[in-house]
Amino acid sequence: VIRRLCLALAMAASLDGAMAFHAAGPRCLLNPAMAGSRTRAVSPALRAGLQMKAQSHMVHSSLAFQQRKQQPLTVINTGTLITGDNERPKVNTLLLGFYFAMWYVLNVGYNIFVKKTLNVMPLPVLFGVVQLGVGVLWLLPQFLLGIRNVPQPSPNNIRALWKIGAFHGAGQLATVAAMGLGSVSFVNVVKALEPIFTAAIGVAVTGVVLPWQVWLSMLPVCAGVGLASFSELSFSWACFSCAMLSNIVYASRGVLSKISMEGGDKGRFMDSANTYAVVTTLAFIVTLPFGLLWEGAKIPAAMASVAAAGWSPFKLFYMVLASGVFYYTYNEMAFLVLGSVAPVSQSIGNTVKRVIVIVVASLVFRTPMTPLGIVGSSVAIGGVMLYSMVKGMFPDGPKKSE
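With the sequence shown counted from 1, adding 308 to any position gets you our numbering.
It is possible that some hints are incorrect.
Quick list of simulated restraints, FRET-style, between CB atoms [claimed, not checked]: (1) P621 x W523: 45 to 55 Å; (2) L403 x S549: 20 to 30 Å; (3) F598 x V683: 30 to 40 Å; (4) Y626 x V513: 26 to 36 Å; (5) W523 x K566: 31 to 41 Å; (6) P621 x W520: 50 to 60 Å; (7) S544 x L448: 34 to 44 Å; (8) P679 x I455: 17 to 27 Å; (9) I455 x L527: 44 to 54 Å; (10) Q521 x F406: 31 to 41 Å; (11) L600 x S549: 21 to 31 Å; (12) A615 x L445: 24 to 34 Å.
Keep in mind the hints are simulated off the structure, nothing from the lab. Don't be surprised by glycine CBs; every beta carbon is placed ideally from N, CA and C.
With these hints in hand, go ahead and build the complete structure from the sequences.
What follows is the structure, encoded as structure tokens:
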């Protein structure tokens with residue numbers, strides 16, 4: 309409205325000025341006082357012509373403004389502005405760099421704190437449950453103080469989220485168990501297979517056909533993980549099995565999430581961050597009885613092991629609390645990164661993150677790696693990056709006809 313009012317005033321001023329100039333002639337430039345003395349001499353035909361021209365200009369300007377107004381405008385809290393003309397998101401570079409840096413730092417901290425704690429407290433299942441519970445405690449003050457909106461999922465959505473939460477909790481327990489049974493570096497190499505499992509399960513469940521280029525790009529990942537496993541000095545089938553189980557469960561969760569979240573009413577305040585908050589809470593509720601049943605009787609022996617290692621109760625509390633906060637916050641940072649960049653860029657960033665975790669964990673825990681193991685790990689991680697790039701270049705094909 310303001311734009312059109314200003315435009316109308318400008319057109320009226322231009323019309324009066326044009327008529328005055330025509331009436332006074334070029335001499336008005338030398339003597340401005342002459343401009344107002346002959347304004348009434350403008351012919352009616354000229355006045356009508358100038359008015360039609362001004363109105364035409366106003367109509368075209370108004371139409372252009374309405375077209376721009378009708379474009380959908382979406383603002384999300386990651387510093388991204390998306391317009392309706394399919395332009396690439398405009399991302400604050402410094403803010404995006406902060407997201408990536410915190411994602412990497414928190415993930416590295418999580419892996420180190422978890423492994424150090426498991427080295428003295430052999431309760432991987434209960435430890436994984438407690439980490440989910442710490443995430444719930446991290447959220448409660450934010451909801452109570454109004455820092456973030458309280459999610460209100462719809463009945464249909466909550467039913468789907470219960471299933472996703474169960475898979476999320478199972479994947480978390482399997483991952484922590486694998487880290488307790490083997491080295492952090494080896495677990496992260498095996499976890500590099502997760503995108504492959506996601507693609508395979510997606511094809512089996514949804515019937516979407518993947519291009520042959522995508523299937524071909526999976527071979528280096530499989531070959532690298534196999535080579536790294538063969539040359540792993542501390543290899544154990546229990547660690548490998550738990551890491552693979554984590555891949556299968558998390559991949560199934562991803563496919564289930566995609567199917568469940570398509571269409572329908574999600575409820576109020578159910579953005580990606582709050583959806584993850586609800587999933588974490590439901591995962592904690594589902595896994596708590598299982599964790600107590602599985603390892604509840606081992607708690608006294610585990611506490612004796614902690615005391616024998618020279619850890620005070622305060623240090624144990626600090627390590628457990630910090631690992632839970634690291635776990636939840638690095639996942640939220642991953643959501644912020646995904647909301648700020650294209651999925652392919654996020655996948656490449658995730659590959660870089662895994663490389664950093666492997667290198668830092670090897671240095672912190674002094675994990676010996678054979679030359680063949682280094683080659684296998686490099687091939688596997690590089691293969692994940694190649695797969696992410698090829699997946700972005702070649703979109704999925706149509707579903708198979710039933």
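Evaluated hints:
Checked against the hint of 45 to 55 Å, the C-beta distance between P621 and W523 comes to roughly 52 Å, which is consistent with it. One distance hint, 20 to 30 Å for the beta-carbon pair L403 and S549, is violated here, with the actual separation near 40 Å. F598 and V683 have their C-beta atoms about 39 Å apart, which keeps the hinted 30 to 40 Å range intact. Remark: the range hint 26 to 36 Å for Y626 to V513 is contradicted by a beta-carbon distance near 42 Å.
Taking 31 to 41 Å as the suggested C-beta distance range, the pair W523 and K566 does not conform, at roughly 20 Å. At about 57 Å, the beta-carbon gap between P621 and W520 stays in the expected band of 50 to 60 Å. Taking the beta carbon of each, S544 and L448 are about 38 Å apart, inside 34 to 44 Å as hinted. A C-beta distance of roughly 50 Å is found between P679 and I455, which places it outside the suggested range of 17 to 27 Å.
In this structure the hint that I455 and L527 lie 44 to 54 Å apart at CB holds, the actual value being about 47 Å. The hint said 31 to 41 Å for the Cβ distance between Q521 and F406, and at roughly 35 Å that hint holds. Between L600 and S549 the C-beta distance comes to about 23 Å, which sits within the given range of 21 to 31 Å. Checked against the given bound of 24 to 34 Å, the beta carbons of A615 and L445, roughly 25 Å apart, stay inside it.
In summary, the structure is inconsistent with hints 2, 4, 5, 8 from the numbered list given earlier, while agreeing with the others.
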